[in-house]
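Trainee: The chain contents come next:
Number of protein chains: 2
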Amino acid sequence: METQSFLLEALTLAEEAASHGEVPVGAVIVHEGKIVGRGSNSREKSQDPLGHAEIQAIHEASKSLQSWRLIDCDLYVTLEPCPMCLAACQQARIRKVVYGAKDEKGGAICLGFGVHDHPKLNHRFQVLYSPMEACSLVLKEFFAKLRS
Amino acid sequence: METQSFLLEALTLAEEAASHGEVPVGAVIVHEGKIVGRGSNSREKSQDPLGHAEIQAIHEASKSLQSWRLIDCDLYVTLEPCPMCLAACQQARIRKVVYGAKDEKGGAICLGFGVHDHPKLNHRFQVLYSPMEACSLVLKEFFAKLRS
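Protein sequence lines, in the order shown, are assigned to chains R and C. Throughout the first sequence, residue numbering follows this note's numbering, covering 6 to 153 in sequence. Throughout the second sequence, residue numbering follows this note's numbering, covering 6 to 153 in sequence.
These are computed hints drawn from the structure, not numbers from a lab. Heads up, some of the hints might be wrong.
[As the list claims (entries may be wrong)] Sample of chain C residues at the chain R side, in silico, Cβ under 7 Å:
#	residue
1	A23
2	R48
3	Q52
4	D53
5	S67
6	S72
7	W73
8	A92
9	Q96
10	A97
11	F118
12	V120
13	P124
14	K125
15	V132
Heads up, the beta-carbon is just placed ideally off N, CA and C, and yes, glycines get one too.
With the rest of the complex left out, here is chain R (with noise of 0.2 Å):
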C-alpha cells in the first residue's frame, strides 16, 4: 500500500516531466514516512547529464537532511535505475530501490551492474521491482507521441 503511494507520487513527476518535454522519469525519497527528497528527469532543459530523477531526488534528500549519508532513506523511482543512479544510491547509503518498470535496455539490474549487493562495497541494500503498469505506460505513451 505505502510502496503503491510512492510509486504514484514518482509517477506524478514523471507526468510533469513529459509535459515538459523530457523522458518521464520520476522518483520520490522517503525518511520516516515523509518524502525529503523529488526528481524527475530534467536531462534535455538543463543539458546536464546528471539530470536524471533519481540524481536530482539524492540532492535534495541530502539538503533537506543536511547529510550525504542518506540513512533509513528509501527511493522510489517509476524507471529501473540506470547503473550510474543505482551507484549514486550505493554512494548516497540509500536503504531500499524499488522500481516500478523494467528498463531492458539501460536498466542496472537487466545489463549485470547490481552494484547493491557487491561483496567488496561498504553498503548493500535492497533492490526491488513492483510492477506498476501506469510507469512504464506513461514511457510507451511519450515515445509513441514522439514519433508521431
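Given chain R, work out where chain C should sit, using these hints.
Mentor: Only chain C this time, still in chain R's reference frame:
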C-alpha cells in the same frame, strides 16, 4: 606527455581538496586540448553524496560546452573512478578516461563494474590506467595525517 600534464593538473586539484580536509581526488576534462571542466572531491564540505571530483568536472564541462553530450572530451582523474563516476562518464558520452592510481577497494574496474565497454550500452569508451606515483602518495599522506 599530454597525459602526464593533465594528470598533474588533476593532482593540483586533489592537493587543494586535501588542504580543505577532503579526501584528495582531482579531475579535469579536456576538449580539443583545453581544460573545460575541473573538479575536486568536496563531499564533506557540500554534504552531497555526489560531491566527487569527476561529477563536479562533468557539471562544469557541460556548462562550458552547453551540452550534456561531452563529445570528444577526455577525463583525467587522480584516482580510479568509483562505479557511479564511471557510469556518469558513460552517460556524458566521455571519449576516454585516464586515471593515475588504482582503487582496489572502490574502483569500478577493480570491482568488475566496467560499464565503459558493455556491449548493450549505446556509448562505449576507453579507460586507461596511467600510473603516477604522486596520485596515490597524496592519498597515503592524507590518511596517515588523519590517523596521527
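Trainee: So, for every hint listed, does it hold in this structure?
Mentor: Against the structure, the hints come out as follows:
{"no.": "1", "hint": "A23", "in the structure": "18 Å, violated"}
{"no.": "2", "hint": "R48", "in the structure": "6 Å, holds"}
{"no.": "3", "hint": "Q52", "in the structure": "5 Å, holds"}
{"no.": "4", "hint": "D53", "in the structure": "5 Å, holds"}
{"no.": "5", "hint": "S67", "in the structure": "5 Å, holds"}
{"no.": "6", "hint": "S72", "in the structure": "6 Å, holds"}
{"no.": "7", "hint": "W73", "in the structure": "4 Å, holds"}
{"no.": "8", "hint": "A92", "in the structure": "4 Å, holds"}
{"no.": "9", "hint": "Q96", "in the structure": "5 Å, holds"}
{"no.": "10", "hint": "A97", "in the structure": "4 Å, holds"}
{"no.": "11", "hint": "F118", "in the structure": "6 Å, holds"}
{"no.": "12", "hint": "V120", "in the structure": "5 Å, holds"}
{"no.": "13", "hint": "P124", "in the structure": "10 Å, violated"}
{"no.": "14", "hint": "K125", "in the structure": "6 Å, holds"}
{"no.": "15", "hint": "V132", "in the structure": "14 Å, violated"}
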